[in-house]
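Put together the whole structure using the sequences plus the hints.
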Amino acid sequence: MANVITDEIIEYVGILAKLELTGDEKEQAKKDMGRMLDYIDKLGELDTSGTEPMSHVFPVRNVFREDVVTGRDESERILSNAPGQKDNMFMVPRTFD
Amino acid sequence: MSKEYETVIGLEVHVELATRTKIFCGCSTAFGGAPNTHTCPVCTGMPGSLPVLNRQVVEYALAVGLAVNCHVNQLCKFDRKNYFYPDNPQNYQISQLYLPICHDGFVEIETEGGLRRVGIHEIHMEEDAGKLIHDEWEDCSLVDYNRSGVPLIEIVSEPDMRSAPEVIAYLEKLRMIIQYLGASDCKLQEGSMRADVNISVREAGSGKLGTRTEMKNLNSFTAITHAIEGERQRQIDLIEAGGEVIQETRRWDDARGDSYPMRSKEDAQDYRYFPDPDLVPVWISDEWIARVKEREPEFRDRKRQRYREEYDIPEYDIDIITGSKRMADLFEETAALCGQPKKVSNWLMGETLRLLKEKSLDPEDIRFSPENLAKLIGLADRKVINSSVAKEVFQAVFEQDVDPEKYVEEKGLGTVSDEGALRRTIEEVIAGNPQSVEDYRNGKEKAIGFLVGQTMKAMKGKADPAGVNRILRELLQGRPLEQE
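Which chain is which? The protein sequence lines are A and B, in order.
The opening residue of the first sequence carries number 5 in the numbering used here; numbering runs sequentially from there.
The opening residue of the second sequence carries number 2 in the numbering used here; numbering runs sequentially from there.
It is possible that part of the hints are untrue.
In silico DSS-like cross-links for lysine-lysine, where the CA-CA straight-line distance does not exceed 25 Å [to be verified]:
1. A:Lys22 - B:Lys358
2. B:Lys445 - B:Lys458
3. B:Lys304 - B:Lys174
4. B:Lys343 - B:Lys304
5. B:Lys344 - B:Lys358
6. B:Lys445 - B:Lys412
7. B:Lys384 - B:Lys343
8. A:Lys90 - B:Lys132
9. B:Lys412 - A:Lys22
Don't read these hints as lab results, they were simulated from the structure.
Quantities reported herein were computed from a predicted structural model and do not represent experimental measurements.
And the structure:
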């Protein structure tokens, strides 16, 4: 494996992804990520100098909606997905800004 | 020995667009609905939901970009900006990083040192986040997603400003352009225009930029001014004490007149942008650009110039009237209907501003029609109503956009034109107030004012004061002759 994922990187990625990994899981994730990066390196060997970057898999542009209200009050159904609710709002752990 | 410092300021301005619906779904953007009543699976980030772009968002963003002299990325697309925060239900915000809709423009601002150009680095389209409310009782946070998915444009300036007044001039300029386009009402207090200010200081004459900080939570021009002055001083003090400015985001507390850092190390600013696979690219054709350009309104600077040439009204009035698109439109339409720009201007500058202030409203909130103001001016001109009744009628026009002609008729507010009736009333007033009559005859000119007042009262305000005055003098001067 050409790409070696360090402990610092796996720690950082864990913070970004809001994941807490056990020691074993970290070791496994380091291996998996290393292999993924190897694969990306392999793709990098291709000469793409004459190729336009692809911005989407479908050759489609300009899919629009008109600015017309179609939504209605479905808050009861929407809120049924909430971990908790109060006063018609989603209740979440205390968050500071 | 103190060194000279220069402040370098760049702005990120978020503007909520005036669309009826959100950027990627058909939910209403109306302000003030009960929590979560304007939400759907798309704007609450439910798995499997599919965002579809609102065409009007592109129209508005394009119109603003062209008005601030930007180049258009004819192929533009959306990217995901990843971060975890409960106001963002998808765990990413749909924004534009790689190919934003517009770039490299500028606006010109008037400063003490003359006209100055502020560069626009780019403009991109993105979605707003929900609103977090901290609940002290339950020790939790509550989220309302009504604002989630409301369309925004972010206008990123170059670091071209050097002082708080320049920043204010720049914001005013943007606000006027955007309001004139009808793309947003740009109200700082209500959050439909929000500015994040990037500030750094450097020794005067140095070509190198210092480390900058970003100030957030600035919801008025005074808060922006205080924050700039406070942050400039904080950075200078740090440097003078041998310290270093750290690049960070700070939250301004205008009540305390101080700022504090916002994010902890745990929230690393690593957004891992990547193209949003749910949204297809946008292609803005030359025809589309031409169409938007064609619809461009007459902007404020040009309008001011034209008013100076066309209307005989003071410069101050021109400034106030053109300071709001709504007011300028109302002025022009009413003036065209009644042909008396000076009088229209007086109603706007006087009673309209007074009532707006009294009700804490913005000129953009004016609801009455030019037709009704023109009719009111006509009624006053033809002396159908006197000036104090006109003010009363205007209040009804202002509040409910009533038709003044019908209103005056229904309420019986028209001036009594029957001179016989008026004469009889005045005779009664003279008979009932011998002391004042005596005073007047003894040379107390002021006494006539009291008698006019009594007559107006007896006529329930429906008399032409000038007419009352004339008849009163006639009778007062005439009667002694008759009696002798």
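Indices of hints not satisfied (ascending): Hints 1, 6, 9 contradicted; others consistent.
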